[in-house]
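K.L.:
Each chain, letter by letter, is given below.
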Amino acid sequence: GENVEQHPSTLSVQEGDSAVIKCTYSDSASNYFPWYKQELGKRPQLIIDIRSNVGEKKDQRIAVTLNKTAKHFSLHITETQPEDSAVYFCAALASGNTPLVFGKGTRLSVIA
Amino acid sequence: GAVVSQHPSRVICKSGTSVKIECRSLDFQATTMFWYRQFPKKSLMLMATSNEGSKATYEQGVEKDKFLINHASLTLSTLTVTSAHPEDSSFYICSAIWGAETQYFGPGTRLLVL
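Just so you know, the protein sequences line up as chains E and W, in that order. All residue numbers for the first sequence refer to this note's numbering, where the first residue is 1 and numbers rise by one. All residue numbers for the second sequence refer to this note's numbering, where the first residue is 1001 and numbers rise by one.
Everything labelled a hint here was simulated from the structure, so no lab data went into it.
With a cut-off of at most 20 Å between alpha-carbon atoms, the simulated DMTMM-like pairs for lysine to aspartate or glutamate come out as follows:
1) E:K104 <-> E:E2
2) W:K1064 <-> W:E1022
3) W:K1020 <-> W:E1063
4) W:K1042 <-> E:E2
5) E:K68 <-> W:E1101
6) W:K1055 <-> W:E1022
7) E:K71 <-> E:E56
8) W:K1020 <-> W:E1087
9) W:K1064 <-> W:E1052
10) W:K1042 <-> E:D84
11) W:K1041 <-> E:D84
12) E:K57 <-> W:E1101
13) E:K71 <-> E:E5
14) E:K104 <-> W:E1059
15) W:K1066 <-> W:E1022
16) E:K42 <-> W:E1022
17) W:K1014 <-> W:E1087
18) E:K42 <-> E:D84
19) W:K1041 <-> E:E39
20) W:K1041 <-> W:D1088
21) W:K1041 <-> E:E83
22) E:K71 <-> E:E2
23) W:K1042 <-> E:E5
24) W:K1020 <-> W:E1052
25) E:K22 <-> E:D59
26) E:K22 <-> E:D49
27) W:K1041 <-> E:E5
28) E:K104 <-> E:E5
29) E:K57 <-> E:E79
30) W:K1042 <-> W:E1087
31) E:K58 <-> E:D17
32) W:K1042 <-> E:E39
The whole structure should be built from the sequences, with the hints applied where relevant.
P.N.:
Written out as structure tokens, the structure reads:
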């Protein structure tokens, strides 16, 4: 089955700097890769996703890149702000009705 | 995005009692929903896949007789924790598939068993 590895587990950056979180997956059949942001005590919120027919996707300060050959994908947050502080989870999906396989999460702290 | 609600948001119960948690897709129909459990500072642990009109599929190690799942309609799945014990205390979150693959999460239910 699919296995998703996520690094780093914790990340601290100064406000205004960029943050990068990386994930790798094992199943070459996976074709959908969402990223979720979870604040303390709250639900995971979908912030961006990418499908395997696309190499990069951007939404304001957030971007995701996908390298299918290497089976890895990354989340990039630019101009970080304190409200970006949260736990970020990457995930991979092989087909529509199957469960997402999550990474273990990255705790991002943005220091003002 | 699509909206998923969950009720109750918080519940405290005595050991040995049963607790029912509801997960609803508010503005869309979901033939498939998922139930997760999350421990503090940990990732989401999939418990089961809930399929409308059929039996749920449980992950390895999850007791189906303890965590009863019913998906009786296209907008509602329920998780019942039977004979709850303190070790069942956790944050339980459901998700529903919107469209082909996008999953949206409910706000979660914090269960405390005394």
